[in-house]
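Enquirer: Now for the letters of each chain:
Protein chains: 2
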Amino acid sequence: MIFVESYKAIIEEGLREALSTYLHPGQLYDPIRYLIEGGGKRVRPLLTLLACEAACGEAGRALNAAIAVEMLHAFTLVHDDIMDNSEMRRSRLTVHKKWNANTAILTGDVMIGIALRLLGKDAHHCVQPLNVFEAFTNGLIFVCEGQALDMWHLNSPHVTSDDYLAMIDLKTAKLLEAAVEVGASIGNASDQHITALKDFAHDIGLAFQLNDDLLDLTGGEQFGKTAGGDIIQGKRTWLMITLRDTVLDGRGSSLVSEFFKNNGLDRSRIPEVRSLMETNGILEKAKALIESLTLAAQSHLSAVPDGNARKNLELLTLQLMGRQH
Amino acid sequence: MIFVESYKAIIEEGLREALSTYLHPGQLYDPIRYLIEGGGKRVRPLLTLLACEAACGEAGRALNAAIAVEMLHAFTLVHDDIMDNSEMRRSRLTVHKKWNANTAILTGDVMIGIALRLLGKDAHHCVQPLNVFEAFTNGLIFVCEGQALDMWHLNSPHVTSDDYLAMIDLKTAKLLEAAVEVGASIGNASDQHITALKDFAHDIGLAFQLNDDLLDLTGGEQFGKTAGGDIIQGKRTWLMITLRDTVLDGRGSSLVSEFFKNNGLDRSRIPEVRSLMETNGILEKAKALIESLTLAAQSHLSAVPDGNARKNLELLTLQLMGRQH
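For the protein sequence lines, the chains are A and B, in the order given. Mapped onto the working numbering, the consecutive letters of the first sequence carry residue numbers 1 to 325. Mapped onto the working numbering, the consecutive letters of the second sequence carry residue numbers 1 to 325.
Accuracy of the hints is not assured; some may be wrong.
Copies of the same chain are indistinguishable here, so a pair counts whether it falls within one copy or spans any two.
Stated by the list, open to error - In silico lysine to aspartate or glutamate, EDC-like type, Cα no more than 20 Å apart, as pairs: (1) Lys287 to Glu87; (2) Lys121 to Glu134; (3) Lys121 to Glu291; (4) Lys285 to Asp212.
Hints listed in this document are in silico derivations from the structure and should not be mistaken for laboratory results.
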């Protein structure tokens, strides 16, 4: 684990350094520093660095690109928080609450620009530098498509678990795929290794999101969010969809119907939902799905050259699933 | 003029073609088609095509990039309309009014992605393809900085005419510079020609924005906007700033003070402001400034190879300033 931590320190320094040149106008750039200083797991830039190192032995070659990928992720947080009307993020006010929606829109926009500039600094290491931009761009487009589906699902009564998995594939997994593809391309990895890393990122992306949904219900407070926030907001998570498909007309079906009809439930009903999920084995099913995705992810790594980077990708996966800290 | 019109037809077809692959999710992509179908002068893609043709004799080499530049411009319109709370654009409802703010935020975001994909299709023509992305990215960052200053000016009592010119340099001129730099780079123009084209674009950018401000006051209705809309909204245009600096404590100074104090005036006061500007020769001063910028722009073109493209850039300039249709 010591390795992953040392990469994180490099990323934090890289973020500070990258933002140090963006000072004026302060009303545009201050919110970026505020958001980045709020911390985060830095999973995406870690993936970029490790994918690059797995390919060429040198993580630092993709440091700017790693910062670019984190900036792209942070942009999605700022805009998603406006759309979801979220008040808190990492136990601090969201950008649109601390400033206002206009500032948050514009700050998010310029973060894409900053990310592109950083990407340009490292892309020349790649034999085909345009591939780096292509991977990044796919990440941007897919994450927007995923967010569109996520918003659309909120008002839709008939979302299936496949719909949900397709949505988180776009909204979460594709950005992790972009993170490794950017890093691996800068390291001039073979097509075969890039594919293996993307498959790995895809599976940890889905597992990570499902785990996040689970934690929202069972241990959300520790992340500075409201426990059961997804239920209050009416989010059609895999958990709620699977609960609906399991109870059908049986016990608890009226509670579930109410959730889908009213697009959410009052905070006071959360324990009832949690208990219903436990009775119907939904939490266990979710854990089993997360476990199988995690194993699949690890198996894709076997096609990646053995070494320090691969070892760290394995450790990162365990850390992400809350098995190691 | 027939030449510029034929380029415009190619651009319209290119826009349709580019958007034809973006269908699902419809709630994300439909608003883009709606906006693009609303029309526009297509000045920026014209500049990209003509800059490329001036460099290599072939405009079509930069068609995807030209569409990318228009998409970048259209993204700024969608997000600016939310921030300005504008209801109408080109005589149709703005995206956030026809749909909602969330849709407009996300649609704008994905337009940057679509633009980047299109740019990637043409960048390989350039000996240094990363230069194409760099020029585009500068356009994106500067336009955000310009919008931030524009919003900040709205609540600031002491904006100077230099502040205003610096703001429109970022918000308008820099995107025209990006348009020609992208096109010229794809045509592998020399550094000297790129500089000449950027200087040209800078000057027509300022002239174009000042002309737009003038038309807002004197002939706005024909563009589907409200005449004097800038005055109602309290925009600190060059015209209002220069009027303030001219009347000082003299006749009309109370009207001007009211404008700056209340961040705008009622619609009924517009004729009064217009008359005050006429009396103080502000409109004439603005016209003289526009004329000198237009002449400066044309003079930069003399460093660009003579030929069809240069001739069309000259014609486009006249058309933009309303001298030819």
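Enquirer: Run every hint past the structure and note whether it holds.
Expert: Verification of the hints:
In this homomeric assembly, Lys287 and Glu87 never come within 20 Å of each other (Cα to Cα): the closest approach is 29 Å inside a single copy and 48 Å across copies. Both within a single protomer and between protomers do Lys121 and Glu134 lie at most 20 Å apart by alpha-carbon distance, with minima of 15 Å and 10 Å respectively. Proximity of Lys121 to Glu291 under the C-alpha cut-off of 20 Å is found in neither arrangement, the shortest distances being 38 Å within a copy and 40 Å between copies. Taking CA atoms no more than 20 Å apart as the test, Lys285 paired with Asp212 passes inside one copy only; the shortest distance there is 15 Å, against 61 Å between copies.
In terms of the numbered hints stated before, the structure departs from hints 1 and 3, listed from lowest to highest.
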